[in-house]
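Fit the two chains together into the complex; they arrive one by one in their own frames, and the hints show the way.
In order, the protein sequence lines correspond to chains A and B. With the working numbering, the residue at position 72 of the first sequence is 85, and numbering never jumps. With the working numbering, the residue at position 11 of the second sequence is 25, and numbering never jumps.
I should point out that these hints are in silico values taken from the structure, not numbers from a laboratory. Relax, there's no trap hidden among the hints.
Ranges of calculated distance between the beta carbons of each label pair, as one might list FRET restraints:
hint : chain 1 : residue 1 : chain 2 : residue 2 : range
1    : A       : Asp80     : B       : Val26     : 42 to 52 Å
2    : A       : Asn67     : B       : Gln109    : 15 to 25 Å
3    : B       : Glu66     : A       : Ala26     : 45 to 55 Å
4    : A       : Gly114    : B       : Glu66     : 24 to 34 Å
5    : A       : Thr78     : B       : Lys52     : 30 to 40 Å
6    : B       : Pro97     : A       : Ser41     : 35 to 45 Å
7    : B       : Glu72     : A       : Thr39     : 17 to 27 Å
8    : A       : Thr78     : B       : Thr30     : 49 to 59 Å
9    : B       : Leu126    : A       : Lys122    : 28 to 38 Å
10   : B       : Lys23     : A       : Ser41     : 31 to 41 Å
11   : A       : Gly114    : B       : Glu17     : 23 to 33 Å
12   : B       : Thr30     : A       : Glu71     : 40 to 50 Å
13   : A       : Thr78     : B       : Leu126    : 36 to 46 Å
14   : A       : Thr39     : B       : Glu17     : 31 to 41 Å
All C-beta atoms, glycine included, are put in the ideal place defined by N, C-alpha and C.
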Amino acid sequence: DAKTTQPPSMDCAEGRAANLPCNHSTISGNEYVYWYRQIHSQGPQYIIHGLKNNETNEMASLIITEDRKSSTLILPHATLRDTAVYYCIVRRSNTGKLIFGQGTTLQVKP
Amino acid sequence: DTEVTQTPKHLVMGMTNKKSLKCEQHMGHRAMYWYKQKAKKPPELMFVYSYEKLSINESVPSRFSPECPNSSLLNLHLHALQPEDSALYLCASSQGAQTQETQYFGPGTRLLVL
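Next up, chain B with everything else stripped away, as it sits in the complex (with noise of 0.2 Å):
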């Protein structure tokens, strides 16, 4: 089973909500990814979680707040976003975040703020 889990599939906010984006997966895997893809664009990496520390953020606005509770978890919470915030977000996983290990995506969320 390579199956990521994404909730919501589709959100809807305002710039003054809150809000938050879930990820999960059962595979055993240690590493966990949070992507953003603007439409017609290719996905770009925000964050990597290893073994459930933060260990890359690719200088990503505070207003994204990540969070990795468990192995199998990861959120990503949203406050005061600005309407090009609007996008996919993709969660991927992977074993470990070696180079030769494979990232499986989920879905995605896609978000739009208004």
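Looking at chain A on its own, in the form it has when it is part of the complex (with noise of 0.2 Å):
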């Protein structure tokens, strides 16, 4: 399985942007990178996914590098409710099986 490596936690003022990164290098061709995040105790909320090119939506812009090997998420304007674990998948391309990584823990400060 392609593994997933991300800082453990991450700070950032609000309002500002967030840049999350994520670290994929034994990704497949067909394997696709996916962006959860898990606010305390809740269920893990979809966020964005890619496969080769950059992708954005109303939450947050998705950069993928061109080698795929890893990957940013930017969260443009960072609110206190944006703080949560932040999870970056790689997609198993044979069954769509979701392994979770350890996340980034991001703290949003006033």
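Okay, here's the thing in structure tokens:
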């Protein structure tokens, strides 16, 4: 399985952009990168996913490097409600299984 | 609507009890999942149902028994659990079980085994 590596924790000032990095150097060509977040004691919330191209939706932007070995999730204007554990996941190509890594705890501070 | 509902929200059971967790979605999704999440750990996949058939069992002990009575409903039957089975049990669903299908999670059932 392709594994992901994320920093265990990050801080961000409220109103600033939060840039969350993820390494996935063993990713296969047809495996997608997914980002979820989990606010304390709730179910994981889907944020965004991509294969090769950069993606943007109403929540965030996903930047994937050309070699696909790493990606960055960008929350353009972080708020206190964005404080959560963010998981970068490489989706296994043959089963679609989600294998969660340890995630990054993002603390947004006033 | 991307809602997955789970009942109950909380459950306390003894080691000799039999209980069931319920998950429901009305998004027309054909794949449903059970995950287990211990405190301060990431979710771990337990089971995958695709078109109401069990397609993946991640070597889960038999005291956990999944059931998919129809495409909208997923149950997890619990019997003779151990205290170490105390965890948050998460249900998810997706359009299908293919790589690009987004999984949507429910809020979870917090289980305590005494």
